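Trainee: For reference, the chains in residue letters:
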Amino acid sequence: MVKIRIDDRELEVQEGITIFNAASEAGIPIPHFCYHPAFVPEGTCRMCLVEIEGVPKLELACSTVVRDGMIVSTQSDRVRDGRKGVLEFLLAEHPLDCPICDQAGDCKLQDYYEDYGLYESQFSEVKDKHDKKVDLGKHLIHDQERCVLCRRCVRFLCEVTGTEDLGVFERGSHTEVNLYLDNQVDNNYSGNLAQICPVGAITDKDFRFQTRSWFLEEAESICPLCSRGCSIQIGYHPGFSRFSLPKRVYRIRAKTNETVNGYWICDLGRYGYRYLDENRATNLKARDSQSRIQWDAAVTLLSEKIKRLYYMKRTSRITVILNSALTNEELYLAGKIFQKDLTDVNIFFADAAPESGDDVLLTSERTPNRRGALELGFDLKPVDMDILSSQTDLVIIFGTHILETHSLSDLSNAMENIPAKFVLAPHTSDLDPMVDMVLPSTHIAEKAGSLTNIDGLVQSFQSALHPLGESQAEWQVLVDLGKELAINFKFYGQFSNPKNINREMGKEVPFFGK
Amino acid sequence: MLKHLGFFIEIVKGSIITIRHFVVNMFYHILNLFGIKTKRRGAVTRQYPEAPIQLASRHRSLHRLLQRDDGKPRCVVCMLCATVCPSECIYIEAAEESDPEIQKVPSTFIIDLSRCCFCGFCVEACPEDAIRMDTGEVELARYGRGDLVYNLEKLLG
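Residue numbers (the working numbering), protein chains in the order written: chain Y, 79 to 592; chain C, 546 to 702.
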């Protein structure tokens, strides 16, 4: 440990770290473009200048290692003046097309100009022309005029994906970041380039001109598209009071989580957000009634049908098709109701089919909570069509993944003979016309709870978005159903949010009690 | 009888007010006639709507969108007007333009005049001088609310 002083603050920091890291640990912001915690410091942007007592010139905070007794100043007049000069050179060739730039609002050039710039331009020369719309690949557009040559993108492609598609070409004011030969940036992590670009040089095609970033609000959630459980930030539009927007969610970005995904997420998670708004089931629908039904009436009806079979000792003719996109709490409740309260119910799992993964983040399992289901003691049996078609009097289907593994005609043949059929799913699907009642449920982003990722890490999360329309989280429906069944009313009566359920689950299943 | 006397008193009161206004205004008009400047000016009756009113040049009237030389809207959909609008009555959607110098053009531009408070912030916020409120059109009464929703075509004129 060494003792240093940054801006009148005495700090005791680890030996060998840089001034930048020491300052950011202490919460002292230092402006920077090229420094990114995932990469080795490079010192190309020269924005992180600081003054060190006894050193004649301003030094770079990102690449200067701390020494014992070092006295650093990050806000002195000399430092501010130096940063202003750096910014003036960076902006000398910048096109200033903020009105059409998707980065406006998130842009570091804008922020630092407010903090350190505020000068009158001294450049009367015409700015250099570069290509304003280079197609970098499936998801990215590159504007060479806006680039500040921080080389974050080049380093990302060298150090993280190893594909090395981008390089820096030419010299002087003609310097530009471009593709090698006829390469394309088309790996599964390309979307991260748009996120790490500190200015608007690399932007998302998907987000291009959709909205302005200051309209969006960010909420944290967990990506449910594979079993890695990456932390994500959902950028959603709270909407205008008068005009209806085409969608709620405009972009998903990686949230830094050192233990799981680091600073990145894959393109599947980043651009696959359409499931949140498209084909959503928003209203309760009953096949034989035209009038609107309410949630309590629907749950009462469901519980009456279950109770009838329960009193006739025919619970073995109940089939429940769960999925492992449900949270730990929901699976725990489902286990309680269908395994403990009603014994010998047939429980199957219908999940998204596994696809090929990669060895960075994306796993081949495409469902977020398979490990959690295993830890809760489910055996994850796939759907047995014989039991569904001939030995079932009541079926409750969670989610619509069963359509991926079974053909529509098989399903409708099997379902024809079942007297009571219920679907609890966030999406409308071809199952809807087959069943008695469709109950709209929510996505991971719209509910709270916890998920267990492929390595057995239990991550809890809060709801990022409001449930759409009448939809309700599955845990709420299961708690209501448990209470309505009244086999063990007191147990379900204590649950008012996923936290209570989690606590109870932790007592019972030691894996979740850690 | 007493009741009728009451009416008579009110008529006299009203006449006094009318006469006072006449005399006071006449006084200022006469002063004005002789070139004597006063702080207060005599009232004038205008025959609106039969005779049109001359609006001040900075008067904020119905919006219009300005065009480039080739007839395309100048707007680049920076959405600063929609951001600054206190009554949230502007809605814009962007489209891609093939010219790399423009890139972004509006595909939808809606101003809901039934909500607009004519503050003029949109004009002030616009970095491209694409929206102005200088049409001089102030008679904006319509029979339906829908007629007050102005789209891109109507705003371009």
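Treat the hints as calculated values from the structure; they're not laboratory data.
Please note that the accuracy of each hint is not assured.
Calculated cross-link-like contacts (lysine-lysine; reagent style PhoX-like; alpha-carbon spacing at most 25 Å) [claimed, not checked]:
(1) Y:K325 <-> C:K649
(2) Y:K283 <-> C:K649
(3) C:K548 <-> Y:K210
(4) Y:K186 <-> C:K617
(5) Y:K418 <-> Y:K592
(6) C:K649 <-> Y:K216
(7) Y:K210 <-> C:K649
(8) Y:K135 <-> Y:K81
(9) C:K617 <-> C:K582
(10) Y:K211 <-> C:K617
(11) C:K699 <-> Y:K207
(12) Y:K186 <-> Y:K418
(13) C:K584 <-> Y:K205
(14) Y:K283 <-> Y:K391
(15) Y:K418 <-> Y:K459
(16) Y:K135 <-> Y:K211
(17) Y:K283 <-> Y:K385
(18) C:K649 <-> Y:K211
(19) Y:K283 <-> C:K548
Computed from a prediction, not measured in an experiment: that's the story for all the values here.
Trainee: It remains to establish, for every hint, whether it holds in the given structure.
Mentor: Status of each hint after checking the structure:
no., hint, verdict
1, Y:K325 <-> C:K649, "holds (20 Å)"
2, Y:K283 <-> C:K649, "holds (13 Å)"
3, C:K548 <-> Y:K210, "violated (86 Å)"
4, Y:K186 <-> C:K617, "violated (32 Å)"
5, Y:K418 <-> Y:K592, "holds (24 Å)"
6, C:K649 <-> Y:K216, "holds (20 Å)"
7, Y:K210 <-> C:K649, "holds (12 Å)"
8, Y:K135 <-> Y:K81, "holds (22 Å)"
9, C:K617 <-> C:K582, "violated (50 Å)"
10, Y:K211 <-> C:K617, "holds (21 Å)"
11, C:K699 <-> Y:K207, "violated (36 Å)"
12, Y:K186 <-> Y:K418, "violated (56 Å)"
13, C:K584 <-> Y:K205, "violated (55 Å)"
14, Y:K283 <-> Y:K391, "violated (58 Å)"
15, Y:K418 <-> Y:K459, "holds (18 Å)"
16, Y:K135 <-> Y:K211, "violated (39 Å)"
17, Y:K283 <-> Y:K385, "violated (53 Å)"
18, C:K649 <-> Y:K211, "holds (12 Å)"
19, Y:K283 <-> C:K548, "violated (83 Å)"
The earlier numbered hints that this structure contradicts are 3, 4, 9, 11, 12, 13, 14, 16, 17 and 19.
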